[in-house]
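Participant: Residue numbers (the numbering used here), protein chains in the order written: chain Y, 13 to 292; chain U, 13 to 292.
Rather than coming from a laboratory, the hints here were simulated on the basis of the structure. The structure presented is a predicted model; accordingly, all values stated were derived computationally and were not measured. From the three backbone atoms N, C-alpha and C, an ideal C-beta is built for every residue, glycine too. Some clues are possibly wrong.
Here are some chain Y residues the structure puts well away from chain U; computed CB gaps all over 10 Å [claimed, not checked]:
1. Glu21
2. Arg28
3. Met101
4. Ala116
5. Asp127
6. Ala128
7. Asp171
8. Pro182
9. Ala190
10. Arg217
11. Arg219
12. Glu240
13. Arg248
14. Glu275
15. Arg285
16. Arg291
Sample of chain U residues facing chain Y (criterion: CB under 10 Å; computed from the structure) [what the hints assert, rightly or not]:
17. Gln25
18. His95
19. Pro111
20. Val115
21. Ala128
22. Asp139
23. Ala146
24. Arg158
25. Asp171
26. Val235
27. Leu236
28. Ala238
29. Thr261
Number of protein chains: 2
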Amino acid sequence: MDTRAYLRERLPQVERALEAALPPAEAPPGVLHAAMRHVLFPGGKRLRPALALAAAEAVGAPPERALPAAVAVELVHTYSLIHDDLPCMDDDDERRGRPSVHVAFDEATAVLAGDALLTAAFQVLVDGADAESAPWRLAAARDLARAAGSHGLVGGQIDDLRFDPADRDPAHIESVHARKSAALIAASIVGGAHLGGADADSIERLRRCGEAVGVAFQIADDVLDAGEDDLCSSVRALGVDAARERAETLLAAALAELAEFGERAEPLRGLVRFAVRRRE
Amino acid sequence: MDTRAYLRERLPQVERALEAALPPAEAPPGVLHAAMRHVLFPGGKRLRPALALAAAEAVGAPPERALPAAVAVELVHTYSLIHDDLPCMDDDDERRGRPSVHVAFDEATAVLAGDALLTAAFQVLVDGADAESAPWRLAAARDLARAAGSHGLVGGQIDDLRFDPADRDPAHIESVHARKSAALIAASIVGGAHLGGADADSIERLRRCGEAVGVAFQIADDVLDAGEDDLCSSVRALGVDAARERAETLLAAALAELAEFGERAEPLRGLVRFAVRRRE
Numbered sequence: 013m014d015t016r017a018y019l020r021e022r023l024p025q026v027e028r029a030l031e032a033a034l035p036p037a038e039a040p041p042g043v044l045h046a047a048m049r050h051v052l053f054p055g056g057k058r059l060r061p062a063l064a065l066a067a068a069e070a071v072g073a074p075p076e077r078a079l080p081a082a083v084a085v086e087l088v089h090t091y092s093l094i095h096d097d098l099p100c101m102d103d104d105d106e107r108r109g110r111p112s113v114h115v116a117f118d119e120a121t122a123v124l125a126g127d128a129l130l131t132a133a134f135q136v137l138v139d140g141a142d143a144e145s146a147p148w149r150l151a152a153a154r155d156l157a158r159a160a161g162s163h164g165l166v167g168g169q170i171d172d173l174r175f176d177p178a179d180r181d182p183a184h185i186e187s188v189h190a191r192k193s194a195a196l197i198a199a200s201i202v203g204g205a206h207l208g209g210a211d212a213d214s215i216e217r218l219r220r221c222g223e224a225v226g227v228a229f230q231i232a233d234d235v236l237d238a239g240e241d242d243l244c245s246s247v248r249a250l251g252v253d254a255a256r257e258r259a260e261t262l263l264a265a266a267l268a269e270l271a272e273f274g275e276r277a278e279p280l281r282g283l284v285r286f287a288v289r290r291r292e
Numbered sequence: 013m014d015t016r017a018y019l020r021e022r023l024p025q026v027e028r029a030l031e032a033a034l035p036p037a038e039a040p041p042g043v044l045h046a047a048m049r050h051v052l053f054p055g056g057k058r059l060r061p062a063l064a065l066a067a068a069e070a071v072g073a074p075p076e077r078a079l080p081a082a083v084a085v086e087l088v089h090t091y092s093l094i095h096d097d098l099p100c101m102d103d104d105d106e107r108r109g110r111p112s113v114h115v116a117f118d119e120a121t122a123v124l125a126g127d128a129l130l131t132a133a134f135q136v137l138v139d140g141a142d143a144e145s146a147p148w149r150l151a152a153a154r155d156l157a158r159a160a161g162s163h164g165l166v167g168g169q170i171d172d173l174r175f176d177p178a179d180r181d182p183a184h185i186e187s188v189h190a191r192k193s194a195a196l197i198a199a200s201i202v203g204g205a206h207l208g209g210a211d212a213d214s215i216e217r218l219r220r221c222g223e224a225v226g227v228a229f230q231i232a233d234d235v236l237d238a239g240e241d242d243l244c245s246s247v248r249a250l251g252v253d254a255a256r257e258r259a260e261t262l263l264a265a266a267l268a269e270l271a272e273f274g275e276r277a278e279p280l281r282g283l284v285r286f287a288v289r290r291r292e
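Use the sequences and the hints to build the structure in full.
Facilitator: Here you go:
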C-alpha cells in the first residue's frame, strides 16, 4: 500500500468537506470566520482525517461515510493548536511558518475562533444523521468528547503546561502524551469506525490500536524535535535510541490489533506506519 | 403558577445532575477540575436549566427527561462566562462576587477550563441515549451547537467586543443580543422540548418563544444595569422607557407562541415572565 498515493486520493474529499463545514470567510462576523480558517487552510498532513477514512474502510464501509468524523477531529485538532499557541499557554508566534491566530488577529479573536471551531466539530458530527447512522453519530460524538475533554486533550495540555522540569519519569510523560495527543488520534480511528457501523469488538481493537499509535506518533515527534527544549519529551526521559525502540514496540502493538481486519485494513496499516515512521 | 416555588422544587435535580456531569475537583488534573467547578458551584439563577425542564413539561414529558439538555446549556453558559471574563476579552476580575477563574487560578487554566466545560456540554448531551431518544439527543446537540457557534454566542461575543461606540442602531444592538444571549436561552427551551420528544411544529413555536424571551431577557439586563458603561445596550440606544416597552412587546410575543400548549405550559410561562420581569 502506497500511503502517499492513498493520501493524494482521499484528501481532496476531506478538503471539500472541511471547506463545507465552515461558513465562508466573508460571512459575518467576517473576522471570526477568517480567524477560524487561518490555521485550517492550508492545513498540515491531515493525518487524523485520513485515519478516520481508513478506519471506516477497515470495517468494510465506504470511506466517505467517515467524513463527519474526519472533519470533526481536524476541527478539534485545529482549535487545540490555536489555544495552545496563546501567550498564556505555549506563547508561539508562528504555526506552520505563518503567524499564529493571536498574532495575525488578536488574542480575543484567537480564543473565540478556537471556541467556535470546537463547537463546529460537534455540530458536524451530529448534523445530518439518518435513522441508521444516529446511534453511530452519537457514539462518535461521545468518544470525541471524552478524547477532547478534561481526561483527554485538555487535561494533557494542563499537565504539559505545569510539567515539572525535574520530572523524567517516562510513565508520567507517556500519560501526558496519551491524553494530549494520542487520545485525539485514537478518536479519529474510532470515530471513523463508528460511522462505518463497526461492531463493539472491532471498536475496542481499533481503540487500542489508536491509543498505541497515538503515543508512538508523539514519541516520533519528540525524536524529530530532539534538541529543542520541550521538557515533556520522551527523548529527554529515555534518550533517542530507547525512545525510537519504544515507538517501534507501540507500532507493533498497534499493527497487531489490526491483524484480523484483513486486506481492507491495508490503508489503515499504511497510515499507522506512516504516522510513526515519518521523517517530518 | 408560583415560579419561585417551581424553581425550589426543580433545581435540586439540576444541581445533582450538574454535580454528576463533572469529575470531582480532586480527580487529576485537580487544578483543571477545580477551575471547571469554580463558577459552576455555587452558580446563578439556573434559569437556562429551568427553562429546559419546563419546556419538556410543556410538551407533555416528565421534566427529568430534559436533564441532559439542562446540564449542557448551563455548562455552555458557564464556559462563556469564564472566557468572557479573560483579560483579552471583557477583563473582569470578579464574577458573582468571587474572583474570576483567571484570577483565582491563572489565564491558561481559565482558557482550558472553558474549553473542557464546552466539551463536557456536548458529552452530556450525546452520552447515554437509547434507541428512542437517539434522534432527540442529536437534534438537541445540533441546535445547541448552532446556538453556541460562530453564528450564535461566539459570533455575538466578537461583535460585542468590537462594538463601535458611535453605533446606537437598535436593530444592530438587538442582533448582538440575539446571538450573544438569546440564542442559548432559545436552545435551552428547544433542547428541553427535543428531549421531551416534541413534534416539529411545537419545536418551531418554542424556538420563536425562546428567541423572543432571550432578547427580552437581555433588555431586562440592560435596564437593571442602566448607568453602567455597557456600550452595546438597548437602554443606551432606546432609553429606559422604550427599552422596557420593547421587552414587554417581546414577552407578549413569546407568551403568544405558548398559547396552544395549555395548562402543562404554565411553569414555562411563569419562567418566561420571570426572565423578563425579574428585579435582579
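Participant: Quick check on the hint: U:Ala128 CB to chain Y CB, less than 10 Å?
Facilitator: Hint on U:Ala128: holds, closest Cβ of chain Y at ~4 Å, below 10 Å.
Participant: Would you check whether U:Arg158 satisfies its interface hint, that is, whether its CB is within less than 10 Å of any CB in chain Y?
Facilitator: holds (7 Å)
Participant: Minimum C-beta separation from Y:Pro182 to chain U exceeding 10 Å: can you confirm that?
Facilitator: holds (18 Å)
Participant: Taking 10 Å as the cut and beta carbons as the points, is Y:Asp127 off the interface with chain U?
Facilitator: violated (5 Å)
Participant: Are all beta-carbon distances from Y:Arg219 to chain U longer than 10 Å?
Facilitator: Y:Arg219 is indeed farther than 10 Å from all Cβ atoms of chain U, at 16 Å.
Participant: Under 10 Å is the threshold here; is the Cβ of U:Ala146 close enough to any Cβ of chain Y for the hint to stand?
Facilitator: This hint holds: U:Ala146 lies near chain Y, its Cβ roughly 4 Å from the closest one there, short of 10 Å.
Participant: For Y:Arg28, is the shortest CB-to-CB distance to chain U above 10 Å, so the non-interface label stands?
Facilitator: holds (20 Å)
Participant: Hint validation: U:Leu236 versus chain Y, beta carbon distance must be below 10 Å. Holds or violated?
Facilitator: Violated. Min distance 26 Å.
Participant: Report holds or violated for the interface hint on U:Gln25, using the least CB-CB distance to chain Y and a cut-off of 10 Å.
Facilitator: violated (23 Å)
Participant: In terms of Cβ atoms, is chain U entirely out of 10 Å range of Y:Met101?
Facilitator: Per Cβ check, Y:Met101 is inside 10 Å of chain U; nearest 5 Å; violated.
Participant: Taking the closest Cβ pair, is U:Thr261 under 10 Å from chain Y?
Facilitator: Nearest chain Y Cβ about 26 Å off; hint violated.
Participant: The output says Y:Arg248 does not contact chain U. Does that hold with a beta carbon cutoff of 10 Å?
Facilitator: Holds, since 21 Å exceeds 10 Å.
Hint violations for this structure: numbers 3, 5, 6, 7, 17, 19, 20, 26, 27, 28, 29, all remaining hints satisfied.
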